[in-house]
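Turn these sequences into a full structure, and let the hints guide you.
Residue numbers for the sequence shown follow UniProt numbering, so the first one is 1 and each next one is one higher.
Please note: incorrect hints may appear among the correct ones.
Restraint-style ranges between C-beta atoms, simulated for each label pair [what the hints assert, rightly or not]:
| no. | residue 1 | residue 2 | range |
| --- | --- | --- | --- |
| 1 | GLY98 | LYS163 | 51 to 59 Å |
| 2 | LYS423 | THR355 | 20 to 28 Å |
| 3 | LEU255 | LEU153 | 44 to 52 Å |
| 4 | ARG119 | LYS163 | 42 to 50 Å |
| 5 | GLN152 | PHE222 | 21 to 29 Å |
| 6 | LYS139 | THR108 | 17 to 25 Å |
| 7 | GLU336 | LYS229 | 25 to 33 Å |
| 8 | GLY430 | LEU255 | 33 to 41 Å |
| 9 | LYS422 | PHE222 | 43 to 51 Å |
| 10 | LEU153 | LYS280 | 40 to 48 Å |
| 11 | LYS352 | LYS154 | 48 to 56 Å |
| 12 | LYS423 | LYS166 | 54 to 62 Å |
Pairs of lysine-lysine residues, derived as BS3-like cross-links and limited to a Cα-Cα distance of at most 30 Å, are as follows [to be verified]:
| no. | residue 1 | residue 2 |
| --- | --- | --- |
| 13 | LYS225 | LYS279 |
| 14 | LYS413 | LYS376 |
| 15 | LYS166 | LYS154 |
| 16 | LYS436 | LYS422 |
| 17 | LYS344 | LYS423 |
| 18 | LYS279 | LYS378 |
| 19 | LYS279 | LYS362 |
| 20 | LYS362 | LYS378 |
| 21 | LYS163 | LYS225 |
| 22 | LYS378 | LYS436 |
Keep in mind the hints are simulated off the structure, nothing from the lab. Ideal Cβ positions, reconstructed from N, Cα and C, are used throughout, including at glycine.
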Amino acid sequence: LSFSKPLLYFTYNSLEPPWGSRPPAGAGYGLEVLKGGVALGSVRLEGGSWFLVGRLPSCALALEHPSVSRHHAVLQYRGAGCSPDGPDAAGFYVYDLGSTHGTFLNKTRVPPRTYCRVRVGHGLRFGGSSRLFLLQGPKEDQESESELTVTQLKALRKQQQAKLEKTMLGEDSDEEDEKEERSERSQNTDMSCSWGMGEDAEEDEVEENPIAIDFQDVQDAFYMKDPRKALQGFFDREGEELEYEYDDRGHNSWLCRIKLPVDDASGKQLVAEVLHSGKKKEAMIQCALEACRLLDARGVLRQEAVSRKRKSKNWEDEDFYDSDDDTFLDRTGAVEKKRLNRMKKAGKIEEKPETYDSLVTKLNEAENELSEITEKLKASGKVPSQPAAQDSLDEFMTEMKSGSTLDSVARKKLHLRSFELKKEQQRLKGLIKLVKPAELPELKPQ
1 LSFSKPLLYF TYNSLEPPWG SRPPAGAGYG LEVLKGGVAL GSVRLEGGSW
51 FLVGRLPSCA LALEHPSVSR HHAVLQYRGA GCSPDGPDAA GFYVYDLGST
101 HGTFLNKTRV PPRTYCRVRV GHGLRFGGSS RLFLLQGPKE DQESESELTV
151 TQLKALRKQQ QAKLEKTMLG EDSDEEDEKE ERSERSQNTD MSCSWGMGED
201 AEEDEVEENP IAIDFQDVQD AFYMKDPRKA LQGFFDREGE ELEYEYDDRG
251 HNSWLCRIKL PVDDASGKQL VAEVLHSGKK KEAMIQCALE ACRLLDARGV
301 LRQEAVSRKR KSKNWEDEDF YDSDDDTFLD RTGAVEKKRL NRMKKAGKIE
351 EKPETYDSLV TKLNEAENEL SEITEKLKAS GKVPSQPAAQ DSLDEFMTEM
401 KSGSTLDSVA RKKLHLRSFE LKKEQQRLKG LIKLVKPAEL PELKPQ
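In structure tokens:
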């Protein structure tokens, strides 16, 4: 099977703008080729008004990188006499021909089929090629240096961004109206009567909506950088335990909930909820951010010491269990772990430093308990033979009373406990290896 490909002809001559012209003789325009900071050579730009860049050998600047299109871009010169904008607009322009991987001017991708000014000293990249092309030429074509320092340029950039945000939110129109009103007042000062009110008289402040939060205040809030850390600090000051509750809604979406130790206007506990599509950790961060916003809107997040509206629970009266805790339905032991943490915070459990002997004792206890659980599971798996005349229900009740048979809930608890004991064994063995005293040779009498 054979076929012939149609010949490709580049027709930029029909697309060349009327202001295109050749660069002046002796201007010294060219491209310096750099790769990895090392100069590889230079390409002179002379003999024409435009220069084609692409992967074909017929291009003035032929590149071999596979990401470069066959006809990638054009460098077009604009003469001073052909420019109605003045001599400052004269110079080279880059024109991307709709390439797949784009053309980059000073690390910024230029829009396709648009003439972008290239001054002396600017850098060009084509596609994914690592070669950098620096435009060389007369000093008059260089970009004028700014008199501002780097810090001043950054501050100016921030002011421009803030002005852009105000323009997008429509706040700049209000400021312009206020300026017009002030100018009108200043013009009519001499012609109007003050009626005993001076220019420095202060007007009553208009009541602001406490629910409305300014956009810039939210962006500059201290908890935006790390909302989890800010929320954890608030809970630590309150003496409460921060708990995240998750609910899998399917399709990679999570509902995260945090109960806050603050009451709302109706006296109910304030709850922060967020439904997020994505990872579970992202849902936790968004929920912590929402909780910080709710607390900050009520003015309690930034305080060092908050007078708690909710009464602190007396954990000791409830045996350090929460009212929502259920040990029967707990399969992971999380309820008991929370109870132990509360007891440690209350000082009911004294934490003693572990030694080699204490670790060995704990390891022996864990091994003994694991062997007992294994024997129970084996014994419950063996079903003794009973007379056929006995009813199956009576047989089951007899086995339950004797303790030889375990129900499914008890078996699951034993399997879970055996899994935890095996993990505890591995942890204790690792600690014992670390704290094991060095074996010294016996002292021999001289």
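Now the hints, each set against the structure:
1. GLY98 with LYS163: 51 to 59 Å: Since the Cβ atoms of GLY98 and LYS163 sit about 34 Å apart, the hinted range of 51 to 59 Å is violated.
2. LYS423 with THR355: 20 to 28 Å: holds (22 Å)
3. LEU255 with LEU153: 44 to 52 Å: holds (45 Å)
4. ARG119 with LYS163: 42 to 50 Å: Since ARG119 and LYS163 have Cβ atoms about 27 Å apart, the given range 42 to 50 Å is violated.
5. GLN152 with PHE222: 21 to 29 Å: holds (26 Å)
6. LYS139 with THR108: 17 to 25 Å: holds (24 Å)
7. GLU336 with LYS229: 25 to 33 Å: holds (28 Å)
8. GLY430 with LEU255: 33 to 41 Å: holds (38 Å)
9. LYS422 with PHE222: 43 to 51 Å: holds (45 Å)
10. LEU153 with LYS280: 40 to 48 Å: holds (41 Å)
11. LYS352 with LYS154: 48 to 56 Å: Distance hint for LYS352, LYS154 holds at roughly 55 Å.
12. LYS423 with LYS166: 54 to 62 Å: At 57 Å between Cβs, range holds.
13. LYS225 with LYS279: holds (19 Å)
14. LYS413 with LYS376: holds (12 Å)
15. LYS166 with LYS154: holds (19 Å)
16. LYS436 with LYS422: holds (21 Å)
17. LYS344 with LYS423: At roughly 23 Å apart (the allowed maximum being 30 Å), LYS423 and LYS344 satisfy the hint.
18. LYS279 with LYS378: This hinted pair is violated, its Cα atoms lying about 41 Å apart.
19. LYS279 with LYS362: violated (38 Å)
20. LYS362 with LYS378: holds (24 Å)
21. LYS163 with LYS225: With a Cα-Cα distance of about 23 Å, the restraint between LYS163 and LYS225 holds, given a limit of 30 Å.
22. LYS378 with LYS436: violated (35 Å)
The structure fails to meet hints 1, 4, 18, 19, 22 from the earlier list, while all remaining hints are met.
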